[in-house]
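Engineer: Sequence order for the protein chains is A and B.
Just so it is clear: in the first sequence, position 170 is 170 by the working numbering, and no numbers are missing.
With positions in the second sequence counted from 1, the corresponding number in the working numbering is that position plus 1000.
Hints should not be assumed to be uniformly reliable.
[Said to hold, decoys possible] Some chain A residues well away from chain B (every beta-carbon gap over 12 Å; in silico):
hint : residue
1    : P35
2    : Y53
3    : L81
4    : I107
5    : T145
6    : K161
7    : P164
8    : P252
9    : E254
10   : V259
11   : F267
[Unchecked claim] Label-pair ranges, simulated between beta-carbon atoms:
hint : chain 1 : residue 1 : chain 2 : residue 2 : range
12   : A       : C152      : B       : I1204     : 50 to 58 Å
13   : B       : A1200     : A       : A270      : 52 to 60 Å
14   : B       : Y1215     : A       : G18       : 22 to 30 Å
15   : B       : D1199     : A       : L7        : 17 to 25 Å
16   : A       : K87       : B       : R1246     : 51 to 59 Å
17   : A       : P159      : B       : I1204     : 49 to 57 Å
18   : A       : V245      : B       : V1193     : 47 to 55 Å
19   : B       : I1204     : A       : K5        : 24 to 32 Å
20   : B       : Y1215     : A       : K295      : 16 to 24 Å
21   : A       : N36       : B       : R1191     : 21 to 29 Å
22   : B       : D1199     : A       : G216      : 34 to 42 Å
23   : A       : Q133      : B       : D1202     : 32 to 40 Å
Treat the hints as calculated values from the structure; they're not laboratory data.
A virtual CB, placed ideally from N, CA and C, is assigned to each residue, including glycine.
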Amino acid sequence: MVVDKTLELFDCGHRACGGCGPALAARLILKAAGPNTIVSSATGCLEVFSTPYPETVWKVPWIHSLFENQAAVGSGIEAALKKQGRKEKVVIIGGDGATFDIGMLCISGAFERGHDFTYICLDNEAYMNTGIQRSGATPLDANTTTSPPGKCSMGNSRPKKDMPAILAAHGAPYVAVTSLAYPNDLMQKVERAIGVKGPSYVQVHSPCATGWGFEGDRTMAVGKLAVETGLVVLFEQTDGTVTRVKKVVRKPVEEYLKVQKRFAHLFKPAKKEAEIARIQAIADANAAKYGIDIKLKKPAETPQA
Amino acid sequence: MMHFVEGSIAVAQAVRLCRPDVVSAYPITPQTHIVEALAEMVADCALDAEYITVESEFSALSACLGAVAAGSRAYSATTSQGLFLMFEVCFNLAGMRLPMVMTVANRAVSAPISIWNDQQDSISLRDSGWLQFYAEDNQEAADLHYLAYKVAEDHQVLLPAMVCFDGFILTHTYEPVDMPTQEEVDAYLPRFVPLAKLDAQDPISFGMLATPDYYMEFRYANDQALQKSKEKIRAAGKEFMAQFGRDYSAFVEGYALEDAETVLVALGSLCGTVKEAIDEMRAAGKKVGLLKIRVYRPFPVEELAAALKGAKRVAVLDKNISLGSKGAVALEVKDALYGSGIPVLDYIVGLGGRDLRKRDIARIVELAEKGEGDLFYGLREGVA
């Protein structure tokens, strides 16, 4: 199956902020998933802005129950379809709070049981729907309303939880990280995930203009910088082995940090070199772990006479 | 055909005969024998269902929610802490108008932890929008499952239903139970036909956001559906009588009520003990009767008021306490009798498995005759 990019199953008219990353991600996900899909959605921005009763943007069957049970609801749907001999694909969508934090129990159970579904996390790295509070997906030093920098704080005190590794450890046959800044990569990974039998996981890095503090026309550019600096690694893991990695000519993390208000405290009033170095170390470790660096040929390597 | 079986097995067999498509449950004492029996049936292909062995009660009921939304008949069973872990999902299922049946093997709630019986668990879910039935014995417990599915899935109801029966007292007790054949149950309970379902051929959205412009109307519709269920329960009860010879058309059931001056009100297995005690008191010349409440939600206000209109006093035996207030059942009985002038006395009894014997019932009748009520009955000496 090849993705039909003209297919629009996530309609216009929703109430998302201008430049909303998750809204674009949802649209791309449905292009890849196609019409034969049932979506189970968690409480969060996506659910709120896409279904203000009596209107809905979802042109596929869609259900939202609670904040933390999207994976269990998806399990029940999958079991029902199996019993009825139906062939629709189950796609579960949750934000990073619903995935990394409050929905963890249900997700763990659903992956361990091996239901046939695709779980997609729209990762915008904080609880945006409630007003930008930190989650387990919030990166080191990010300023959120519950991890503000102050005299005794540099912002969020912990690095991002490694959710893909946790789900890979459950034996998930397909685990991938993508970014909405790379629409083709995103759609390909969703399509592959849906094609895999069993529980698969796709984490979509989804910049949030409102929560991260950048203009709404910069969503794609900010998303690209996250990947180009090595803070977000686009990879695929099949049956426990990393099979594809997006390689980049890495830029310093500073280029990504300085365009977002959530990291402004690292530059004002004085530049916090040591903190930026800690974040650079995270990117360096990612690069080493996944081998993302493209080695450029240096002029010095030309053979000498 | 009569079988001498444990209560949990009778319920599991009844559930099997209801042909659920999806069963999802998490083990908790004293519910375990039910879900173990169902797992065996699935393993032996005696029950053609998807059995989802979840990691928590929260997921058990959430999986049922998804299954019903996808158009399948779903079943779960739980009790006590498990029911409380489901609390959020319970309200959600009713609000989304997704019908299913869940057995509650009534048990006390923590703290302190207790595995023994009272009815605090399901009574605490009285505001959740579920139908609630309470069984006196194992025959009734089994039978109420057929009836509960029939009413819950009616398109004018579309609400989840709890069949409550007392933990250990009924779940682990052997009694003769008449089990119908599959053909008989099929004739009574048709296959589930959802009004709407998740279907790629006809996509709809479930569980949308309601602003203040719409929210109240959803709650109104939910309450109206519970009110509407009254006539459906009556009809399903009459049909049950015609087919199986046992009558569940009444929401409340009287025992020695005709000339009774003191009427005891109770739910569940306690009614059996009360009937025995009444026989003895009647033999001694006391005019005592019982009103058993089988249907607690929707609450049968008119039926209860009509049944109690001849009483001089009413003594409610509450196996629960709305802490800081009174027994939940007594509060509603008082509401039903408001303006009648009939005094309603409340007795908190049997919490955490404290046994209530015939002599205790007689003692409570004596207290009621003296107008002494609104108390915890049977506390250890030196506590009250």
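Engineer: If a hint holds in the structure, say so; if it does not, say that too.
Structural biologist: Now the hints, each set against the structure:
{"no.": "1", "hint": "P35", "in the structure": "violated (6 Å)"}
{"no.": "2", "hint": "Y53", "in the structure": "violated (4 Å)"}
{"no.": "3", "hint": "L81", "in the structure": "violated (6 Å)"}
{"no.": "4", "hint": "I107", "in the structure": "violated (10 Å)"}
{"no.": "5", "hint": "T145", "in the structure": "holds (22 Å)"}
{"no.": "6", "hint": "K161", "in the structure": "holds (19 Å)"}
{"no.": "7", "hint": "P164", "in the structure": "holds (20 Å)"}
{"no.": "8", "hint": "P252", "in the structure": "holds (42 Å)"}
{"no.": "9", "hint": "E254", "in the structure": "holds (40 Å)"}
{"no.": "10", "hint": "V259", "in the structure": "holds (32 Å)"}
{"no.": "11", "hint": "F267", "in the structure": "holds (38 Å)"}
{"no.": "12", "hint": "C152/A / I1204/B: 50 to 58 Å", "in the structure": "holds (51 Å)"}
{"no.": "13", "hint": "A1200/B / A270/A: 52 to 60 Å", "in the structure": "holds (57 Å)"}
{"no.": "14", "hint": "Y1215/B / G18/A: 22 to 30 Å", "in the structure": "holds (28 Å)"}
{"no.": "15", "hint": "D1199/B / L7/A: 17 to 25 Å", "in the structure": "holds (19 Å)"}
{"no.": "16", "hint": "K87/A / R1246/B: 51 to 59 Å", "in the structure": "violated (43 Å)"}
{"no.": "17", "hint": "P159/A / I1204/B: 49 to 57 Å", "in the structure": "violated (41 Å)"}
{"no.": "18", "hint": "V245/A / V1193/B: 47 to 55 Å", "in the structure": "holds (50 Å)"}
{"no.": "19", "hint": "I1204/B / K5/A: 24 to 32 Å", "in the structure": "holds (26 Å)"}
{"no.": "20", "hint": "Y1215/B / K295/A: 16 to 24 Å", "in the structure": "violated (59 Å)"}
{"no.": "21", "hint": "N36/A / R1191/B: 21 to 29 Å", "in the structure": "holds (25 Å)"}
{"no.": "22", "hint": "D1199/B / G216/A: 34 to 42 Å", "in the structure": "holds (36 Å)"}
{"no.": "23", "hint": "Q133/A / D1202/B: 32 to 40 Å", "in the structure": "holds (38 Å)"}
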